Each structure stands twice: as C-alpha cells, then as structure tokens.
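J.: These are the residues of each chain, in order.
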Amino acid sequence: MKLQVKVNPDTGVIDDAKFKTFGCGSAIASSSLATEWLKGKTVDQALAIKNTEIVAELSLPPVKIHCSVLAEDAIKAAIADYKKKQVAEGKTAEKQPQPTA
Amino acid sequence: MAIKLPIYMDYHATTPADPRVVEAMIPYFTEHFGNAASRNHPFGWEAEEAVEKARKQVADLIGANAKEIVFTSGATESDNLAIKGVAEMYREKGNHIITAVTEHKAVIDTCKRLEKEGYRVTYLPVQKDGRISLDELKAAISDKTILITIMAANNEIGVLQPIAEIGAIAKEKGILFHTDAVQMVGKVPFNVNDLKVDMASLSAHKIYGPKGVGALYVRRRNPRVLLAPIIDGGGHERGMRSGTLNVTGIVGFGKAAELCRQEMASESERLRKLRDYLNDKLHKNLDEIYVNGSVEHRLPHNLNISFAYVEGESLLMGINDVAVSSGSACTSASLEPSYVLKALGAGDDLAHSSIRFGLGRWTTKEEVDYVADKLTHVVTRLREMSPLYDAVANRRTLRTWRIRARSSITTRTRAMSARCQKTTSTSARASSARRSAATS
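From first to last, the protein sequence lines stand for chains V and B. Here the first sequence is numbered in the working numbering, starting from 256 and rising by one per residue. Here the second sequence is numbered in the working numbering, starting from 56 and rising by one per residue.
Don't take each hint at face value.
[Unchecked claim] Not everything, but these chain V residues come out facing chain B in the computed CB check (under 10 Å):
| # | residue |
| --- | --- |
| 1 | 256 |
| 2 | 275 |
| 3 | 276 |
| 4 | 277 |
| 5 | 278 |
| 6 | 279 |
| 7 | 280 |
| 8 | 281 |
| 9 | 282 |
| 10 | 283 |
| 11 | 286 |
| 12 | 287 |
| 13 | 337 |
No lab work stands behind these hints, which were simulated from the structure alone. The structure presented is a predicted model; accordingly, all values stated were derived computationally and were not measured. C-beta: ideal position from N, C-alpha, C; glycine also.
Construct all of the structure, not just a fragment, from the sequences and the given hints.
T.: This is the structure in structure tokens:
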C-alpha cells in the first residue's frame, strides 16, 4: 500500500491524496476510501481517522479488518513522513510516495 | 451471438447436469421409485435393473467390470472408503501409506486422521511442473507400505500424474494403488487395466451428472482388493457401502458416463483448442503472466495462470460476471494461499495471484473472447494501482527515466500523478469511497 498526500503549504490542508495498493478488494477499497477522506482535512484531522470508521463505512467482514488497519497505518506513515520532511526541508508542498506495507 | 452473463468457467468445481441426464433420471423419481434392495416386487426389480445398467455404463467408461463399481455419495466418500478401508483391512501387512502434497483434501485429511491412529504417511513433494518424482516414490516404499494414493489429475492445476508408471511400480512391489480420478475420468481416456489402478474414485457431478453420487472402482481380480466398510448397515454394494441406493442419482451418473464415453474425444479436442486460444490471447495481451504446472501433462480444459502483481481476489471482483476461482488466500477463511501452488514452489506472491479457468461442454469461443478481453482490461487496471507493478515498470524503464529526469526533474511526478488520476476515476472499487466523500 502506497499513499501520497499533497498538502497546501499555507493552510496545512490536504489538497489531494493518491493511493496504490496490491491486495484484495477490501484493501483497495480501504485505501481508496482513505484518500477520499483525506482530501480537505488538515494534517492533524487526518491523524484522527480510525480503522474502525473504515470498517463501518465499507461494512468489512471480520476476516478483512486487517485491510482497514493497513489503511490507517498508511495515513499515519504518510503524515509522519510529511512532518519529517517539513522539519528537514522547510515548507515542502509535495511529498514522495511512502511505502508502508 | 449475444453472450449470456455471468459466464461459467469453473467446470472443475462442478458441472451443470446435461439435459439428457436429467431426462433419464426423471422417471425414477416418481414412476419407478422402488428401493433397489426390494427383492420381492416389481418396484424393487425395476430400480435394481436401472442401477445395474448404470453400473455397467460407469464401468465401461473406465474399462472395468460392472461388479467392480461401488456406488457412494461422492468422491470424498470414495476416497475415505478406499484409504480407510485398505488401512483397516491390511493392518497386519503394514501401516505405511504414500500420498502426495498436492492431493485433494479428501485424501490428505483422511491420511492425517490415520496418522493419529498410528499409521505412517509419506507425503511426496512435487516437482516444479506439479508431478511427483518416480524415484522419490520408489525411495519412499518400504516393506510396511500397504497403499499408494496419488490423484490422476489435480483439481487446481489440472496436472496429470504419471499414473501408468506409478501403477507399474505398485504392481511390481505388490502394493495397492488408489487414485482420485475425479477430474480426469470422462475428460480424457482412463482405463483401469492399462493404468494398473486397483481403486479409483469417481464423481458424477464433475462429468455433467447430478451431485451427491459417486463411485469407487474396486479391483476384483489380480489382485482382489478387500475393503473394510466405513458405513455399516444393510450390507448393500457387496457389504462395502451400506445404505439405500440413490437410484435417481445413479441413473444420472450412468447416463452421464455413457455420454462422456461417446463424446469425450471430440469434446476434449474442442476444449483443448479453446483453452490454448485463451492462453495465447492472454499471453499476447499481458506481460508477466505464468501458467502454473506442466503445460504438456495437463487436462485439456484446464488453465491456471498467475497474474503477477495483481491479487487474485481483487481480480475476481473485477471480473464479477465471470465465474472462475482463485488460489488467493483472500478467497479462503484461513488466509492461507493455495497449498497446491505453494507446493510447486510458486512463492506466496504468485499463489495469491492465480486464477483457475475450467472450460466445459457449453463453453463457447465468444465466451473465451469475452473472458480474455475482460481480464486484460481488469489486470491492466489493477496493475496501474499496484505499487509492485509500478516498481517493476520503473525498473524496466529506468534508462528512459534517467534521460527524462535530466531534461525535467518533475516529469516523473507528473506522469505518476496522471496515472493515479486515471486509476481513481475508473475504479469500480472507488465508487463506494466516492459515495462516502460526497456525504462527508
């Protein structure tokens, strides 16, 4: 699962989000839903997205819960990567893909 | 010709009953409803006569004598009866059984049960092409070996085992040989005497007959195989399988066997051409796809392909108007990918990416074209959103990237984002996500 976010440097709002996923339908749907939810949120709001919300929205069966966990982890990793780059490079609008799983 | 959707291409799982089979069965539900074991009135006689006719039809399909056919509820029961029956009957002779890792669960789990009861079981590995090694088989044989059970054709990859050679080895060593022939019988020639098979499990619903009926071929001469029954009762089927006979099912099984015997040659040739056409077309349209198992030693109607960098279940969801099956873990509750593909050394990735195609009596060229086109489309789309395929594609075009990177450092980012855009807008799976975005 790969998640890319594009953050507006002035407002801290996520303008755009993209995903790439190798996995079952539930994993693809979870990451797709994550990108839809990320758009328009601030970086800190994004961190509040929980895998249980993804499970509820997609009605995932118990055997597919781990797919939603992957999506939550991907969001966290992408935001962490963004923050790290902010510190390292100053204001960076676009960030590079972040492999998480 | 218009194609009727969904398309059924899972003929290894089951087959629809041939209308001619159903027609033969119908009178035995109402008109000739007798119990084949009722010896003292015409109702019973009629039923018995029908069963004996079917027994002959099934026997003829595999070159056996009618007396060597024991009707059961299906191949799982046949496998159980053969393995447990021999294990108990020949216990004094030995306690060792040889089988293979790619066997059907009906064989493997039966062997596992026997291991708990003190039997020793050797599970032979398979080679990359899915076939066992005859040298390894010979090496596994000991003076305690009482049974070799190796399937004729694999249900997932359609690979044919060297049954005749195994039969010869078993005969030479005086060991009984059972084969689960469910997928092979009725599809390609199978003769118990040519192949030196002592027992063979058969199933009606894999050969366009009804579900719930199968048979075990049990050799009566040279050698005479003795089986301890696993179901006790009225002593039906020569005491090997008690229980009132499923007369309607058996009649259907017999008719289905007869049709296969008459039409097998032309049908398998037609299906082989269609299967090869499907395989060629997929290979032409897509890169990085691999046929699992031997191409040479294979059922004519089977194709099992791994589509690298795409996960099997998401592929199945993408082609939801085509019924096929996958070795992907995501289609099973256990989260374990196909043990058969893993046994070939395919690696988890390729096992997860596999699709099994089973062609059959009513598969048309139009259907094959539809499936090939649809798959090409879906695999391409899923690869567009696969980070793994991305990495490979990038590596392959690394030189190109380097040249472009020199002219413009942002080319790559823009190209990637354009590709993602396309992916999202065409993704069926993203529709639910879009719906939620609209409401949030």
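J.: Next, verify each hint and record whether it holds.
T.: Consistency of the hints with the structure:
| no. | hint | verdict |
| --- | --- | --- |
| 1 | 256 | holds, 7 Å |
| 2 | 275 | holds, 4 Å |
| 3 | 276 | holds, 6 Å |
| 4 | 277 | holds, 5 Å |
| 5 | 278 | holds, 5 Å |
| 6 | 279 | holds, 4 Å |
| 7 | 280 | holds, 4 Å |
| 8 | 281 | holds, 8 Å |
| 9 | 282 | holds, 8 Å |
| 10 | 283 | holds, 5 Å |
| 11 | 286 | holds, 9 Å |
| 12 | 287 | holds, 4 Å |
| 13 | 337 | violated, 15 Å |
Going through the hint list in order, the structure does not satisfy hint 13, though it satisfies all others.
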